[in-house]
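S.K.: Taken in sequence, the protein lines are chains X and F. Residues in the first sequence are numbered from 1 upward in steps of one, following my numbering. Residues in the second sequence are numbered from 1 upward in steps of one, following my numbering.
Quick caveat, the hints were computed from the structure, so don't treat them as lab data. Hints may contain errors.
Simulated pairs of lysine-lysine, DSBU-like, Cα-Cα distance not exceeding 35 Å [what the hints assert, rightly or not]:
id	chain 1	residue 1	chain 2	residue 2
1	X	K216	X	K199
2	X	K337	X	K216
3	X	K434	X	K508
4	X	K198	X	K216
5	X	K545	F	K192
6	X	K471	X	K434
7	F	K49	X	K169
8	F	K192	X	K488
9	X	K329	X	K360
10	F	K192	F	K49
11	F	K200	X	K169
12	X	K198	X	K545
From a predicted model like this one, the values you see are computed outputs, not experimental measurements.
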Amino acid sequence: MRRMMAKKGSDRMVVVSMQAVVALLCVVAAYIEICDAAAVVDVYRMIQYDFQGTPFGSRRAVVNHHASSGLSVPGSDLSRTIVILPIDKVNVTLLNEYLQSRKMLGGLLLILPRNFENGGKSSGESDSEDSDGDQPADVAALEQWLIHNNIPYPVYFAYSDERIDSVLKDVQLNDAAGRPATASTGGYKLVVPVSDAKKVPSASYTNIQGWLWGLKGDGDIAGLPTIAIVASYDTFGAAPALAVGSDSNGSGVVALLELARLFSRLYANSKTRAPYNLLFGLTSGGPFNYNGTARWLRGFDQRVRENIDYALCLNSIGDADNLRMHVSKPPENPFIKQIYDNIADVARDVGVTVEIKHKKINISNSRVAWEHEQFSRHRITAATLSGLETAPSFLDRVGGIADRRYSANDTVVARNIKIVAESLAKHIYGLEGKNIEVFADGSSLAVSPPYVKLWLDLLSRTPRVAPFLGKNAPIIAAIQKELAVHTKDVSLQHDNLDGTFLFYDTIKAQLSIYQVASVTFDLFIMLAVGSYLGILFLVLVITTKGFDDLVGAFRRPPSRKLKGN
Amino acid sequence: MTLFHFFNCAALTFGPHAVYYQATPLSEYDTVGSCIRAALVYLGTTLIKLVCLATFLHGTESEGFDFTQEILKALIGFLDVAGLYFALTQLTYRNISQTHKFQAIGLGWAFADSLVHRLAPLWVGARGLEFTWDYLLKGLESNANLVFTVCLAALGSLMWLRKNKPATLVPIIYASAGLVATMPSITSYLRKGLHWDFSKVVGFELAASLAMAFVTWRLFSACQRPS
Chain X
1 MRRMMAKKGS DRMVVVSMQA VVALLCVVAA YIEICDAAAV VDVYRMIQYD FQGTPFGSRR
61 AVVNHHASSG LSVPGSDLSR TIVILPIDKV NVTLLNEYLQ SRKMLGGLLL ILPRNFENGG
121 KSSGESDSED SDGDQPADVA ALEQWLIHNN IPYPVYFAYS DERIDSVLKD VQLNDAAGRP
181 ATASTGGYKL VVPVSDAKKV PSASYTNIQG WLWGLKGDGD IAGLPTIAIV ASYDTFGAAP
241 ALAVGSDSNG SGVVALLELA RLFSRLYANS KTRAPYNLLF GLTSGGPFNY NGTARWLRGF
301 DQRVRENIDY ALCLNSIGDA DNLRMHVSKP PENPFIKQIY DNIADVARDV GVTVEIKHKK
361 INISNSRVAW EHEQFSRHRI TAATLSGLET APSFLDRVGG IADRRYSAND TVVARNIKIV
421 AESLAKHIYG LEGKNIEVFA DGSSLAVSPP YVKLWLDLLS RTPRVAPFLG KNAPIIAAIQ
481 KELAVHTKDV SLQHDNLDGT FLFYDTIKAQ LSIYQVASVT FDLFIMLAVG SYLGILFLVL
541 VITTKGFDDL VGAFRRPPSR KLKGN
Chain F
1 MTLFHFFNCA ALTFGPHAVY YQATPLSEYD TVGSCIRAAL VYLGTTLIKL VCLATFLHGT
61 ESEGFDFTQE ILKALIGFLD VAGLYFALTQ LTYRNISQTH KFQAIGLGWA FADSLVHRLA
121 PLWVGARGLE FTWDYLLKGL ESNANLVFTV CLAALGSLMW LRKNKPATLV PIIYASAGLV
181 ATMPSITSYL RKGLHWDFSK VVGFELAASL AMAFVTWRLF SACQRPS
């Protein structure tokens, strides 16, 4: 453009248009996105939430700091440093001490190992001697610490890859050599260019339900007793974008979908339709005291609610060898006893023991540890079938970052589905005590391992933290569609989480890693360039005008006068 | 801090031109006008070169060194010589000695070249957080380029303006001029054909520019003597 201008006519025109071009260039220059980082990696921000008005989680999002490899690197100003830690090397006690002593940290970048999806176990080689088995527990402990503290600095998670590994290695070497990265020495600089996190305006959640209507007698189908199969499908974890919750409660969701599929085949034929309605409910808000379950139950017609014979909640049934049935009514209660005997009988046949665990509800306490407690509060007989031995504490075992695909075992899930399906069938067809296998392996009604695997895979890829899912999340649509294939009258119920929880956005970002020069280096370059230009000036003056003129150049005004005279 | 680096690189890239103007007698004879004319001629030449490149070269999607393409590029690069010829012989300047004329034209030419080719990348790149040596090296390259341009202008003025030069020197003058004019192709070959490091290429350019400056100086003073 400049060249075209230059060729054009009058000088005035040229000057004016040149000014315009320069102005344009300035505007363009100011808007050019500078992105020449050594590495750009996806990072997942830690959860930030308010619970009953108290702030929890990581309270900041913006990172623009030098990198360091530990909390105790001599000479580095940690308040202006982001510490990179591989997650299996994190010392929670140390972090806690640091936090309690109110010392500031520029940020924390936690590196998840490359084989994190496999739990560091089944990676094939035996290279994981320091991470065998106990690593997920450590991560879970770290996660609980992160979730239940108010952390005043940004915390990010990233998956390890070649670039991050090489950067970390460099940083460790520099730190070990006593050259921590600061403004005066240069080094690696980590930048996450996001604005500070904003509140998620309305944290919505979605309950999904579907019916299998029982055989009509004389009366209407709504009058039939109903058995509800319930599983909560959403998760909560230290990083919302990583909380896929394969075991808690992906396994329950898979089991529910497979049960819906199996019973839909029986209910498709009026000869095999039982005099029971089956209600399948996928509830949201599970981590938040089963908030969604409570709303879901409240949304039912009084008559429908009263017709619920019992509700069976499925929770974390993907890992444990033996099952527990958690109830809030005493185990001697005949209804409870019936459900328990039913399941335990079937389980015994496949070599699984089912233990009954009784935990009373404390109505005055807002904490709801199990989903069935919400049913019990509505005086509906209910039990939770789970692999967990005791009631988890608040926001624990709700599908955190350590709960990944490897934590749900396909065969265990399939086996548990079979136990539930068989016991349910015995109950609704009145086959108790008879040695009939309805869902025998190899028959057309057998539990389908590929189906289980497929859904576990999908759920293990999909973070499901309710406030960040939104109403139109693909996973909700997928579950709804799947349920609609097998059951009737599928409907969604949208609602907003109550105000005790408040969430903040920015759960994913991009981290740019720059290698920056230090101020000292820049000063040195300035001196070098300056002296180069100075020497050049001297040499040119001496060679072209001679040494006398050089001296004269420093006394120019008098020498000019002399010439003028 | 990175703006600091930008200023450092800019000083290295454009400083020598200013120093050259200030330190040599060019400033005393007020040759800014000649420099600007040369710069304008440069802009025109570059436009024609661009049109030619766009017409005769097909898009270089490959990074490799394509021989025929490079020959074509070198031929088009000779348009620079034509432009210099135009600036040296066709334009009229207020009475300015031949020695200063070629310097002014070479300086204006090199400055325009630096401005067009280096300012925008410098502004975009050197302000970034990531530190690379590239922009400092490009600044050094600009220095070499200044020397080359002034050499070419000097040799051009010998070829076209000086009538009574020793006949024995004529082929040497032409050979040197040809060498300087093909320098962009040579560096391009080093970079793409031999895959030299950028730092090595710049080092070569600096060494070559010094050598050419020496040769040109010898030739120029040899031609000066008889007159």
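S.K.: Run the distance test for F/K49 versus X/K169: straight-line Cα separation, threshold 35 Å.
M.R.: violated (48 Å)
S.K.: Does X/K216 sit within 35 Å of X/K337, going by the straight-line distance between their CA atoms?
M.R.: Given that 35 Å is the threshold and the Cα spacing comes to 28 Å, the pair holds.
S.K.: Run the distance test for F/K192 versus X/K488: straight-line Cα separation, threshold 35 Å.
M.R.: violated (68 Å)
S.K.: Is the Cα-Cα distance between X/K434 and X/K508 35 Å or less?
M.R.: violated (54 Å)
S.K.: X/K216 and X/K199 were given as a pair; does the straight-line alpha-carbon distance stay at or below 35 Å?
M.R.: violated (50 Å)
S.K.: Is the straight-line distance between the alpha-carbon of X/K329 and that of X/K360 35 Å or less?
M.R.: holds (7 Å)
S.K.: Does X/K545 sit within 35 Å of X/K198, going by the straight-line distance between their CA atoms?
M.R.: Not satisfied, since the Cα-Cα distance of roughly 67 Å exceeds 35 Å.
S.K.: CA of F/K192 to CA of F/K49, is that 35 Å or under?
M.R.: Given that 35 Å is the threshold and the Cα spacing comes to 21 Å, the pair holds.
S.K.: Within a Cα-Cα threshold of 35 Å, do X/K198 and X/K216 meet the stated pairing?
M.R.: Violated. X/K198 to X/K216 sits at ~53 Å, over the 35 Å cutoff.
S.K.: F/K200 and X/K169: Cα distance at most 35 Å?
M.R.: Answer holds: F/K200 to X/K169 is near 29 Å, not above 35 Å.
S.K.: CA of X/K545 to CA of F/K192, is that 35 Å or under?
M.R.: Violated - the C-alpha atoms of F/K192 and X/K545 are around 42 Å apart, more than 35 Å.
S.K.: Does X/K434 sit within 35 Å of X/K471, going by the straight-line distance between their CA atoms?
M.R.: violated (45 Å)
Checked against the numbered hints above, the structure violates hints 1, 3, 4, 5, 6, 7, 8 and 12; every other hint is satisfied.
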